[in-house]
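Undergrad: Each chain, written out:
Protein chains: 2
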Amino acid sequence: MQQIAGGVCAPKGFLAGAAMAEIKKAGKYDVGLIVSEVEAAVAGVFTTNRVKAAPVIYSKKVVEGGRAKGIVLNSGNANACTGEQGMADCLAMGQAAASVLGTGAELVAVASTGVIGVEMPMDKVLPGVKKAGEALSTQGAHAVALAMMTTDTFAKETAVEISLAGHQVRIGGVAKGSGMIHPNMATMLGFITTDARIDAGVLQEALQEAAAESFNMITVDGDTSTNDTLLILANGLAGNSPPVTGSDDLRQFKAALSQVCRELAKMIARDGEGATKFLEVEVGGAGSLGDARQAARGIAGSSLAKAAFYGEDANWGRIICALGYSIETFDPDRVDIFLGELQVSKAGAGLPFSEEEAKEILSRKDIKVRVELNLGDFRATAWGCDLSHEYVTINGSYRT
Amino acid sequence: MQQIAGGVCAPKGFLAGAAMAEIKKAGKYDVGLIVSEVEAAVAGVFTTNRVKAAPVIYSKKVVEGGRAKGIVLNSGNANACTGEQGMADCLAMGQAAASVLGTGAELVAVASTGVIGVEMPMDKVLPGVKKAGEALSTQGAHAVALAMMTTDTFAKETAVEISLAGHQVRIGGVAKGSGMIHPNMATMLGFITTDARIDAGVLQEALQEAAAESFNMITVDGDTSTNDTLLILANGLAGNSPPVTGSDDLRQFKAALSQVCRELAKMIARDGEGATKFLEVEVGGAGSLGDARQAARGIAGSSLAKAAFYGEDANWGRIICALGYSIETFDPDRVDIFLGELQVSKAGAGLPFSEEEAKEILSRKDIKVRVELNLGDFRATAWGCDLSHEYVTINGSYRT
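In the order they appear, the protein sequences are chains R and G.
Numbering (this note's numbering) for the first sequence: 1 to 400.
Numbering (this note's numbering) for the second sequence: 1 to 400.
Worth flagging that the hints you see were computed from the coordinates, not collected in a lab.
The list treats identical chains as interchangeable, and a pair is accepted whether it falls inside one copy or across any two copies.
Restricting the straight-line Cα-Cα distance to at most 25 Å, the calculated cross-link-like pairs of lysine-lysine (PhoX-like) are:
# : residue 1 : residue 2
1 : Lys24     : Lys131
2 : Lys25     : Lys359
3 : Lys24     : Lys359
4 : Lys124    : Lys25
The following block holds chain R by itself, in its conformation from the complex (with noise of 0.2 Å):
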């Protein structure tokens, strides 16, 4: 598997390209369009925000008939809450993204991200949405990923090439995300693209893996969104034999699929709302798969221990505190905790050990937290970051 450049323009066969609209402030993209030259196969993971928006709903249905040209998205205005009129207008981006692209409608799938419970500019979207047409390029994939931020400080794109049975397949990923970050099924919004050929049901299914193990694994403040939704248009363009279910290929489809996903998440993590420190927690010794992801990111969530990391004081009790109240099955007396390579609590108990080591790993801008629970084999990651004040700023102030 080798790293590329190119962001969502790297596999065969696809365009990108943005418009600044002024849905957010002038002089932004904020409106963007991914597109395949050819009709792909899609499959998506959505929010399970029992409050979804409408976009959510739409581009559900769209990835239940199992075929997309593209994928029209704006940052401004997350147009949740917003009722019928709300529906009628994600109706009305998709139709102008689709006759943009001489295509129907159904092919087209709808994202949206900002503020809640505001009505769309439609007014600013439509002619967007044209004028993202009129920009698309193998060229625009960057231009795109800036029409997704918000609060983001960083675009987030990624790409990666790997041969399945002598075919060159690539695959690349853009994603946006900051704050209101906890997902359950998907990130914020997260695209991904692919030239290979492979079959909707199976790359549904590698999605889904991928996405249980990269988006669901980070968290920036607990909030489970409206409008998280992760995409995959696989074009085929790449001409491999569709990956079957078992095969060798799909397993090497599938590590590389995750990994797009994993590079994202972690971006979508380190850009978390007001960050100053980026954190891995990495729980092993877990009695079930469950278990390590659960306990793993119930640490990375806790708002204590963030805090104490942001002040870069070693309150390992915050650690397995968050532990006992995330998971079941374990036994605290068999509990090693790790900050970076410092080990500061055995078997449940505190260690003794240096500050100065402490203070030292606590004050890089990457920080590493281990738990071992000596229990099972199990093994998961979590990425998120620290709690600082200027998270309180920026959420004290979003919507005015």
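Starting from the known structure of chain R, arrange chain G on it as the hints suggest.
TA: Frame of chain R, contents of chain G only:
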């Protein structure tokens, strides 16, 4: 029901005393005793965190015995994650108190609060218990309230008087808590005294019911502590006939006990670490009591909603978003949301409202959020606080 003074010493036959043992900073009370002159029925609820502090494990056994004569407590050290030494220290603390009271250690509950994972300074704790014993009096309630405090900014006491079939019955209570507050079965530390005569089994049931709608309905930071303990001692000196299941007397006693628990719980939420505002979240029209409670606590616990209240930003989208990930059974298109007396959302969509009026409501110190699901007849209230810069400051350097 009448509000009275005196805290845990208000009921007949209860003494309290505290000492400054320098477990915390010099000049602060940090060891306390609450004692009944005669043996009392005891009931208790404890943290559901899988990691339990030594005093939680110890006091559970005392409660199983059904009888107790007193409670010994300290702040400054939680005696959690301290292994076998922690259990031995806890036992020594109970025995020291029992010897002061001239009773057996099996009749003395122990409670600790403070930093996790550090061994108890027994050279300070044991003399402290002796000094607290020397200070025992009917005027000692406030000193004990002070001795329980960690990051609390004020002492939390209350008491009420009711009449049970001609007998004057009093219930007094004291609590502490400010951070690591997301109780599940109990609060950080809460102690209730009553001179009512009541069977230990009935008392346990009454305490669980009261905790469910008081301590279990507050949240500061979503972190369930390792030390949560709520105990009640009922010494029978009021001379009433023990109220039996289904009786009007029991109904009255439960109402008074719930009132005491609710007042203490609200004080904890009001004193949440770094809090600048007190939040009351009422959810009505729910399909079940469990849903109403879970939804109210979910909204009160959302970091994003809490930060918006701190910033006085009428971002109701975060309220409905938190509702959506907290419960399953409701129709987003029937949800009405009120900030104070101002309706901001109707049938799941935004209402035009005056930003000025919203700003006036959100500038208050006490903010009420009301959410109507318009589905069923169940209703619950949760209490919390905003998420401020000061919360991050406090928790970035709690241990050091």
